[in-house]
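Undergrad: In order, the protein sequences belong to chains A and B.
Taking the numbering used here, the leading residue of the first sequence gets 10, the next gets one more, and so forth.
Taking the numbering used here, the leading residue of the second sequence gets 10, the next gets one more, and so forth.
Hint data in this document are derived by calculation from the structure and do not stem from the laboratory.
There's no promise every hint is true.
Because identical chains cannot be distinguished in the list, a pair is counted as satisfied if it fits within a single copy or across any two copies.
As the list claims (entries may be wrong) - For lysine-lysine, the following BS3-like pairs were computed, each having C-alpha atoms within a straight-line distance of at most 25 angstroms:
(1) Lys78 with Lys221
(2) Lys78 with Lys169
(3) Lys190 with Lys78
(4) Lys33 with Lys78
(5) Lys78 with Lys188
(6) Lys190 with Lys33
(7) Lys198 with Lys33
It should be emphasised that the depicted structure is a prediction, and the values quoted were computed from it without experimental measurement.
Number of protein chains: 2
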Amino acid sequence: MEKQVHIGKKILSANEEYAAINAKYLADNEKLCLNMISSPGSGKTTILARTITDLRGQISIGVIEGDIKTELDAERIRAAQAPAVQIETQGSCHLSAPQVHSALRQLPVDDLDIIIIENVGNLVCPSAFELGENAKVVVLSVPEGDDKPAKYPGIFSKAKVLLVNKIDYLAISGFDIEKVKSDARSLNKDIEIFPISAVTGEGMSLWYEWLKSSTAKCKQ
Amino acid sequence: MEKQVHIGKKILSANEEYAAINAKYLADNEKLCLNMISSPGSGKTTILARTITDLRGQISIGVIEGDIKTELDAERIRAAQAPAVQIETQGSCHLSAPQVHSALRQLPVDDLDIIIIENVGNLVCPSAFELGENAKVVVLSVPEGDDKPAKYPGIFSKAKVLLVNKIDYLAISGFDIEKVKSDARSLNKDIEIFPISAVTGEGMSLWYEWLKSSTAKCKQ
Chain A
10 MEKQVHIGKK ILSANEEYAA INAKYLADNE KLCLNMISSP GSGKTTILAR
60 TITDLRGQIS IGVIEGDIKT ELDAERIRAA QAPAVQIETQ GSCHLSAPQV
110 HSALRQLPVD DLDIIIIENV GNLVCPSAFE LGENAKVVVL SVPEGDDKPA
160 KYPGIFSKAK VLLVNKIDYL AISGFDIEKV KSDARSLNKD IEIFPISAVT
210 GEGMSLWYEW LKSSTAKCKQ
Chain B
10 MEKQVHIGKK ILSANEEYAA INAKYLADNE KLCLNMISSP GSGKTTILAR
60 TITDLRGQIS IGVIEGDIKT ELDAERIRAA QAPAVQIETQ GSCHLSAPQV
110 HSALRQLPVD DLDIIIIENV GNLVCPSAFE LGENAKVVVL SVPEGDDKPA
160 KYPGIFSKAK VLLVNKIDYL AISGFDIEKV KSDARSLNKD IEIFPISAVT
210 GEGMSLWYEW LKSSTAKCKQ
């Protein structure tokens, strides 16, 4: 048992070494980097595609896509006319800092203001692996239910931003958004919470303001 | 690197030993045991609570609940008047066979026809850990999107049943159910697919028929 714990630590440290290298590279280049984490199907790629389109000409975004299999998500980002690198994890349940290190070299970083890493759809494992990002963004969609901060506290404790997506489903669900806000803030008092619908566009402007001000802070 | 692979194998074997013990115990006692796997918020607990209620007097069901944190799901099952044991994994992203072995001893197994294990909400990790079940049941809910079998092939390859839940959302989503069926069957030609809504009850009768005939097979 002790042996397993010891080796677990070693793996995390190797990841952390690369995370530190990635963080230094991003800071030296004054880039904002976000690590977006959620369950499968909460709408991460739709949020990214709309954000890229709506901020065109103001903020330039590049994306690192993590999936077990397929290039589907990277193709959706490229269709929104942004550069995207797909990492296929081939079974692994989270992205690692070495994978992101290699993907960063394939992006035109000089031309970008923000790099967003869309992690593998998984509300548990990705939260334990630092990638070198400035902030984690957790996405929770209304159809998933309002009990998720209580049941999956790890990521809600660590994220700087919570996007409550698919608020266009609020009317036909029993989702209590005030309960979500209160549960998330009891884990993480400073978390920024933006209720949005990436399909209708509702609420997206506050998220965009947060992106702009956070980008500006990286350049100071 | 080789060392890590070697130890990974050892952990899996310890799990597999307990899975074999659980499987033998369930077979000796002629119980059907299902391992239910999905993303967070796909509706596993709602499906179970409705199934328990609708089959009362015909089939007796006990539940082992896996969550990172909270007893919320076990409380919902007990409210439906079925026995439930909650396992809090305290951060782990999947249930293990030793945990299920211990939970089985806390259920009134003699009084039950079926034991359903509701795994931690995670479409990736739980599929790699056998618990001793007769079959895996994967749940995919309509709001998660129709690209999930392609993006998360592991669990769709291994499951005996796919429940496509929340079909009451079909009208307001772009979800292509024929694509899901075809993608799932290309991974797993014999998978049984039941489109359902655990909220409205639509489609549940075919799932119940499958449960009844599978229970009967265990008693032959």
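Undergrad: With identical chains, the pair Lys198 and Lys33 could be close in the same copy or across copies; at 25 angstroms between alpha carbons, which is it: within, between, both, or neither?
TA: Neither: 27 angstroms inside a chain and 49 angstroms across chains, both beyond 25 angstroms.
Undergrad: How would you classify Lys190 and Lys78 at a CA-CA limit of 25 angstroms: within, between, both, or neither?
TA: between (33 angstroms within a copy, 18 angstroms between copies)
Undergrad: Between copies, within a copy, both or neither: which fits Lys78 and Lys221 at Cα up to 25 angstroms?
TA: Result: close neither inside a copy nor across copies, 32 angstroms intra and 35 angstroms inter.
Undergrad: Given a CA cutoff of 25 angstroms, do Lys78 and Lys188 count as a within-copy pair, a between-copy pair, both, or neither?
TA: between (35 angstroms within a copy, 17 angstroms between copies)
Undergrad: Can you tell me if Lys33 and Lys78 fall within 25 angstroms by alpha carbon in one copy, between copies, both or neither?
TA: Result: close neither inside a copy nor across copies, 30 angstroms intra and 35 angstroms inter.
Undergrad: With identical chains treated as interchangeable, where does the CA-CA distance between Lys78 and Lys169 reach 25 angstroms or less: within a copy, between copies, both, or neither?
TA: between (28 angstroms within a copy, 21 angstroms between copies)
Undergrad: Regarding Lys190 and Lys33, is the shortest C-alpha distance of 25 angstroms or less found within a copy, between copies, in both, or in neither?
TA: neither (33 angstroms within a copy, 46 angstroms between copies)
Comparing the model with each numbered hint stated earlier shows that hints 1, 4, 6 and 7 do not hold.
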